[in-house]
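Working from the sequences, and respecting the hints, build out all of it.
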Amino acid sequence: MIAQTTVSLAPHKDPFVIDLATVALHDLTDVAHTVRYATVLTEDGFEVDGVPAYEEDRLSSMASSIQALSEAVARELVIGRAHYVIIAADDAHVIQLRVPGQQLVLAAVFEVEETLGNALAACKYAAERFATALNAR
Amino acid sequence: MEHIILFAGPMGAGKTTAIQSLSDIPVISTEAANTDRATADKATTTVALDYGEIHVSDEERIRMYGIPGQRRFDFMWRILRDRAEGMVLLIHNDGPDPVDAMREFMIEFADLCERGGVAVGITRMDVAPGPILTHYTDVLERDRPDLMVPVMPVDPRDRGNMEMLMMCLIANIEMRAAYSAVPA
Chain L
51 MIAQTTVSLA PHKDPFVIDL ATVALHDLTD VAHTVRYATV LTEDGFEVDG
101 VPAYEEDRLS SMASSIQALS EAVARELVIG RAHYVIIAAD DAHVIQLRVP
151 GQQLVLAAVF EVEETLGNAL AACKYAAERF ATALNAR
Chain E
16 MEHIILFAGP MGAGKTTAIQ SLSDIPVIST EAANTDRATA DKATTTVALD
66 YGEIHVSDEE RIRMYGIPGQ RRFDFMWRIL RDRAEGMVLL IHNDGPDPVD
116 AMREFMIEFA DLCERGGVAV GITRMDVAPG PILTHYTDVL ERDRPDLMVP
166 VMPVDPRDRG NMEMLMMCLI ANIEMRAAYS AVPA
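Line order of the protein sequences matches chains L and E.
Under our numbering, the first residue of the first sequence carries the number 51, and numbering increases by one thereafter.
Under our numbering, the first residue of the second sequence carries the number 16, and numbering increases by one thereafter.
By construction, these hints were calculated from the structure, which means they are not laboratory data.
Please read these numbers as outputs of a predicted model, since none were measured by experiment.
Ideal Cβ positions, reconstructed from N, Cα and C, are used throughout, including at glycine.
A hint or two may mislead.
What the hints assert, rightly or not - Computed from the model, here is a short list of chain L residues facing chain E with C-beta under 8 Å:
1) 62
2) 92
3) 111
Stated by the list, open to error - Here are a few chain L residues that sit away from chain E, every Cβ distance over 12 Å (derived from the structure):
4) 64
5) 83
6) 134
7) 161
8) 164
9) 184
This is the structure:
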């Protein structure tokens, strides 16, 4: 008798997830034209996809650490779930949030003229549509 | 008085477990689901840091920071390295080319080893054939004849083991400080 095992692909190697990540990033850039760079990453820092194509996944690694740190802070302070992270810098904004219910994170760098509210709304919209599409699998 | 000690080493070496064994407070960890099972077959991996404390006395505590083992998180290495006074380097003996892994970390953290101190703990020596201890010490003596680096087998789950390694590290740091204080 041969035992059957199911081997699930890592999200960053799964064509289905990669395709949907590409759609999610286009959803984001369609509603926010001020996106300088955006990426979908696994929570351990591997880039699933990014726009525009980027030579290295440095942002993915850093976003992974920041996501984990923000969630650790929320956990330690017992203040509930960390919903998103905003880094408002001189020349750009970084917004990142977990794709609801998934081991994936959406991170985006916006031009500084974008309002934080619009940037956050665009990221939430893209992440929620992405989650819905993944759950429909 | 506070001391900052870094726990470094490749993914799967036992850094998080070692800090959990030693810490007098609940460890703050930043674990994420591990999608890189080819490198280390474990469910989670550290992506930012682990943090624990040893309370030596009312006035003295050791802050322990564990760094992510994977090089793509090396920006965290730099952030944490600059504040540290010493390093516990853990190497799992059943990993891919563990002696070379030790060399890579010794090179990466050379400045910390020189200004502070380092102690090397070899983990998982009992689970699979691998290099013997003298393979590590021979390489260290050849690469860094200027440094005295204690090397010992440890089980990161064993607090006594890890305390012994920490004592070796502290002795290493104090010895280096004493030598550097002597006028040439």
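Can you name, in rising order, the numbers of the hints this structure does not satisfy? 4
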